[in-house]
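Novice: Numbering (the numbering used here), first residue to last: -14 to 295.
To be clear, the hints were calculated from the coordinates, so they are not data collected in a lab.
Where hints are given, some of them may not hold.
DSBU-like mimics (lysine-lysine), calculated; alpha carbons at most 30 Å apart, straight line [stated by the list, open to error]:
id: 1; residue 1: 171; residue 2: 109
id: 2; residue 1: 147; residue 2: 171
id: 3; residue 1: 171; residue 2: 224
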Amino acid sequence: MDLSTINPVLLIASLMVAATPIMLAAIGELVVEKAGVLNLGVEGMMIIGAICGFAIAVETGSPLLGFIAAAAAGAILSLLFAFLTQILLANQVASGLALTMFGLGLSALIGQSYAGIKPPPTPKIDIPLLSDIPVLGSILFGHDLMVYFAILLIAIVWAVLKYTRLGLILRAVGENHDAAHALGYKVVRIRILAIMFGGACAGLGGAYLSLIRVPQWTEGMTAGAGWIALAIVVFASWKPWRVMLGAYLFGGVTVLQFNLQAAGVNIPVQYLSMSPYLITILVLVIMSSSKARSAMNAPAALGRIFHATH
-14 MDLSTINPVL LIASLMVAAT PIMLAAIGEL VVEKAGVLNL GVEGMMIIGA
36 ICGFAIAVET GSPLLGFIAA AAAGAILSLL FAFLTQILLA NQVASGLALT
86 MFGLGLSALI GQSYAGIKPP PTPKIDIPLL SDIPVLGSIL FGHDLMVYFA
136 ILLIAIVWAV LKYTRLGLIL RAVGENHDAA HALGYKVVRI RILAIMFGGA
186 CAGLGGAYLS LIRVPQWTEG MTAGAGWIAL AIVVFASWKP WRVMLGAYLF
236 GGVTVLQFNL QAAGVNIPVQ YLSMSPYLIT ILVLVIMSSS KARSAMNAPA
286 ALGRIFHATH
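All chains, please: the whole structure from these sequences, using the hints.
Specialist: Here's what the structure looks like:
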């Protein structure tokens, strides 16, 4: 065992990359839940985004077109969930689970001919002067565009929810859709648009996995990332900046366990691989210990969804 082989600067830079797909999916789901909808199909939308983004990037040679296609694919798949839950008034929990299973199966079908193919590389942004700063330059200013886009998206969602009329309407729909409807707001339309935004974000997160994080297509490659994104929304108490914190926490644990394996730590590999998910469960248990605080932060409509499933 040689822990000196672990480079702290590289570790922190890597955790930003590892956190990005989860951050994208989680901030999209946060908007969906702020509108009073629970979509458990994040995993399915991520995996569809992963294969569609990968396929388009390979066929066109453009990672940018791949990301656009992934966002579109995630949004289109989310429309199926929106139709079931907002038009047909199907159970949201069952519909979300079905969406995940559908996405996993459809992605496996589409991806059969893409196994073993390398996608076109996504260039990293080299910011003059800033990237030359010792330590901080290597950590903050040598990433691909999507790392910065994810952070910018967090800031935009926070500002919209906190300071704009659109954010106020979205939160009103999530808190009391009857009152929002009485005020003349199109509740179903608003929720469908929120669901599509969440689907697009999940698709982007999936494409980040297949085009940058692990640049290849492998069936089931999301490996529970969508479920972690759902958990992070709860961990974040439905607050955007806490979503980033939760994503970096999970990304840090993920990268650390890979580094510990490489350093030859005398712990079975299976335990190290389980650690990110165990940490997530532990954090959720700690957060759930204060039920009053969690209930106060959660959109009121979500409580009615869970009550309806019992």
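Novice: Would you mind marking each hint as holding or not holding in the structure?
Specialist: We went through each hint and held it up to the structure:
1. 171 to 109: violated, 42 Å
2. 147 to 171: holds, 21 Å
3. 171 to 224: Status holds; Cα separation ~24 Å.
The structure is inconsistent with hint 1 alone, although it conforms to all the rest.
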